Amino acid sequence: MNNLDIYYTLGMLGTVAFAVTAVLAVIPKQIDLFGAIVMGIVTAVGGGTIRDMILGVPVFWASDLNYIWVAIASSIVAFYGNQLMSRKNIYALMLYLDGIGIAMFVIQGADKALDLDFALPVGPVLLGLITAIGGGITRDVLAGNTTLLLKKELYALPLTFGVILYLIMIQVFPEKVKLLGTLCATLTFFIRAAAIHWKLHVPKWMLTQKRGIFSN
Amino acid sequence: MNNLDIYYTLGMLGTVAFAVTAVLAVIPKQIDLFGAIVMGIVTAVGGGTIRDMILGVPVFWASDLNYIWVAIASSIVAFYGNQLMSRKNIYALMLYLDGIGIAMFVIQGADKALDLDFALPVGPVLLGLITAIGGGITRDVLAGNTTLLLKKELYALPLTFGVILYLIMIQVFPEKVKLLGTLCATLTFFIRAAAIHWKLHVPKWMLTQKRGIFSN
Amino acid sequence: MNNLDIYYTLGMLGTVAFAVTAVLAVIPKQIDLFGAIVMGIVTAVGGGTIRDMILGVPVFWASDLNYIWVAIASSIVAFYGNQLMSRKNIYALMLYLDGIGIAMFVIQGADKALDLDFALPVGPVLLGLITAIGGGITRDVLAGNTTLLLKKELYALPLTFGVILYLIMIQVFPEKVKLLGTLCATLTFFIRAAAIHWKLHVPKWMLTQKRGIFSN
Numbered sequence: 074m075n076n077l078d079i080y081y082t083l084g085m086l087g088t089v090a091f092a093v094t095a096v097l098a099v100i101p102k103q104i105d106l107f108g109a110i111v112m113g114i115v116t117a118v119g120g121g122t123i124r125d126m127i128l129g130v131p132v133f134w135a136s137d138l139n140y141i142w143v144a145i146a147s148s149i150v151a152f153y154g155n156q157l158m159s160r161k162n163i164y165a166l167m168l169y170l171d172g173i174g175i176a177m178f179v180i181q182g183a184d185k186a187l188d189l190d191f192a193l194p195v196g197p198v199l200l201g202l203i204t205a206i207g208g209g210i211t212r213d214v215l216a217g218n219t220t221l222l223l224k225k226e227l228y229a230l231p232l233t234f235g236v237i238l239y240l241i242m243i244q245v246f247p248e249k250v251k252l253l254g255t256l257c258a259t260l261t262f263f264i265r266a267a268a269i270h271w272k273l274h275v276p277k278w279m280l281t282q283k284r285g286i287f288s289n
Numbered sequence: 074m075n076n077l078d079i080y081y082t083l084g085m086l087g088t089v090a091f092a093v094t095a096v097l098a099v100i101p102k103q104i105d106l107f108g109a110i111v112m113g114i115v116t117a118v119g120g121g122t123i124r125d126m127i128l129g130v131p132v133f134w135a136s137d138l139n140y141i142w143v144a145i146a147s148s149i150v151a152f153y154g155n156q157l158m159s160r161k162n163i164y165a166l167m168l169y170l171d172g173i174g175i176a177m178f179v180i181q182g183a184d185k186a187l188d189l190d191f192a193l194p195v196g197p198v199l200l201g202l203i204t205a206i207g208g209g210i211t212r213d214v215l216a217g218n219t220t221l222l223l224k225k226e227l228y229a230l231p232l233t234f235g236v237i238l239y240l241i242m243i244q245v246f247p248e249k250v251k252l253l254g255t256l257c258a259t260l261t262f263f264i265r266a267a268a269i270h271w272k273l274h275v276p277k278w279m280l281t282q283k284r285g286i287f288s289n
Numbered sequence: 074m075n076n077l078d079i080y081y082t083l084g085m086l087g088t089v090a091f092a093v094t095a096v097l098a099v100i101p102k103q104i105d106l107f108g109a110i111v112m113g114i115v116t117a118v119g120g121g122t123i124r125d126m127i128l129g130v131p132v133f134w135a136s137d138l139n140y141i142w143v144a145i146a147s148s149i150v151a152f153y154g155n156q157l158m159s160r161k162n163i164y165a166l167m168l169y170l171d172g173i174g175i176a177m178f179v180i181q182g183a184d185k186a187l188d189l190d191f192a193l194p195v196g197p198v199l200l201g202l203i204t205a206i207g208g209g210i211t212r213d214v215l216a217g218n219t220t221l222l223l224k225k226e227l228y229a230l231p232l233t234f235g236v237i238l239y240l241i242m243i244q245v246f247p248e249k250v251k252l253l254g255t256l257c258a259t260l261t262f263f264i265r266a267a268a269i270h271w272k273l274h275v276p277k278w279m280l281t282q283k284r285g286i287f288s289n
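Residue numbers (our numbering), protein chains in the order written: chain A, 74 to 289; chain G, 74 to 289; chain C, 74 to 289.
Certain hints may be false.
Said to hold, decoys possible - Under the rule of at most 25 Å between Cα atoms (straight-line distance), these lysine-lysine pairs were calculated in the PhoX-like manner:
id	chain 1	residue 1	chain 2	residue 2
1	C	277	G	102
2	G	102	C	224
3	A	225	A	102
What the hints assert, rightly or not - What follows is a list of derived Cβ distance ranges for each label pair:
id	chain 1	residue 1	chain 2	residue 2	range
4	A	82	C	103	34 to 40 Å
5	C	166	A	103	43 to 49 Å
6	G	139	C	131	28 to 34 Å
7	C	103	A	188	36 to 42 Å
8	C	276	G	146	18 to 24 Å
No wet-lab data here; the hints were simulated from the structure.
Every value quoted in this text rests on a predicted model; they were computed, and no experiment measured them.
Glycine residues also receive a C-beta, built at the ideal position from the N, C-alpha and C atoms.
Construct all of the structure, not just a fragment, from the sequences and the given hints.
Here it is, written out as structure tokens:
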């Protein structure tokens, strides 16, 4: 496989993981097959869709429907195979694949904004994050679940760190964009994987402080 | 009336039904007139608006404000006339009109995507569904209600069936697009109407299976 | 300061108020710093972003990142200074600044739609309102809070009144657009300020009527 194939394959694995974890997350809500597929598609391609609408460019899946097909197939498999899928080791695998997905998509999203010179230097950070977590947030809103913005899990923070590091590094080494993208996505994934493995939480100084006695 | 007039009239009746059922659905939440009108507009034109933003074309109501006027007027009437409107027979009428609305809009939305050669063959299915149920889902999210994705009612499934049937049939009989659109919308409506009348639910094999003992 | 500077300064103050009130509103939910910043940005620029996506024009903050920087900085300050910020007098100040923000943004949003001849005459009203309250509604949805559409507070109604008055007045005095914009925004703010000060609610005839005995 050449580089492009690897990226494409990883992107598809991330899409599988997005759809599967989405379906498993809503199954306790007594969803039907249709709803499950919608949740799978929304989670898998929702972030990139919002990014493209903000960028004012055609949505990415319109020119490559594999993203949709893979999301639909994964959702169906997850729906009917949920007993298997929610077994601890399979679910853990999905969490790590989801980690690969968000780590890749945050860099990909930033790259797309960079290519269009969109709102530099903040635009690529925002759109990278929207690409990676926009689908998951939309899924939580549609399912009536607490969005990941209100959870203490170390989920969005490694992404923010990784994408900012990437954007700084490519300023310093502009001829190494591809290598740096791979490195930063890998690093981001490893931080996220560590967070999954050791159940790491957001550091205390980033959590809400107790409110003082003078507050109303 | 010629064909176009009939379609336009049905579209407006669907808009009335979308707005009225939206307002009746949020009235138990103690909404005020402003909120009711917003809910009515969002439900009536929200799906088509999301579709047009994904397609990257001007939103449909910008060139025909009748959709907005009808939604506003229907919302006001539903708000002040809710005692009448929520009488069983009037509400049932609205449910059937809503059925006409979703059946027509799913075909219309698919047609718009087809005309633009958008992401064939999946794009028209997705955008048809978004046109038909996107407004209702947005309403549920804004009202804090469980979205229709999490209900067992036979609502989105007949739409999916109807729009896929339509897209297959026009491949086979490409010169009969108009007739087939009417037929498939009618069939879709009748399935939905049967679901309303006999309170049909999603078939069992499309519901969540019980989770096995090995699941975590 | 010339006029433009004043408008720009007021816009930035409104942005500060949007971000700060957003963060204070979600702090009881145990949000972390990342989530707080996202909420601050979404609330501050979300409404204008939705407006621009509906208009089909580039999002406004892409060409002036100060809106994003100010939202981020305000969110961080509000997050760590929440004991101070939620003291009654500071919080009241933020409510009034928020009032300045929505009063200005409703007129600004309407102006942008007017400049593009978008869906006259209803388009400017709708897009003005979306600009002013779209961010706040998105924040409530993401935070799992009841949206302002379901509250009896006099919040959106003064905006609707102000923007419709503005659109009528500039028909009558088309050469006084700037003056009328300032006047209507000021009037809108004063009504909102009165609502904050005297805790005014939506008038009774705009509230849901009791449902009759015949209702189902």
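Hint by hint, here is what the structure shows:
{"no.": "1", "hint": "C/277 - G/102", "verdict": "holds (15 Å)"}
{"no.": "2", "hint": "G/102 - C/224", "verdict": "holds (9 Å)"}
{"no.": "3", "hint": "A/225 - A/102", "verdict": "holds (23 Å)"}
{"no.": "4", "hint": "A/82 - C/103: 34 to 40 Å", "verdict": "holds (38 Å)"}
{"no.": "5", "hint": "C/166 - A/103: 43 to 49 Å", "verdict": "holds (47 Å)"}
{"no.": "6", "hint": "G/139 - C/131: 28 to 34 Å", "verdict": "holds (29 Å)"}
{"no.": "7", "hint": "C/103 - A/188: 36 to 42 Å", "verdict": "holds (38 Å)"}
{"no.": "8", "hint": "C/276 - G/146: 18 to 24 Å", "verdict": "holds (21 Å)"}
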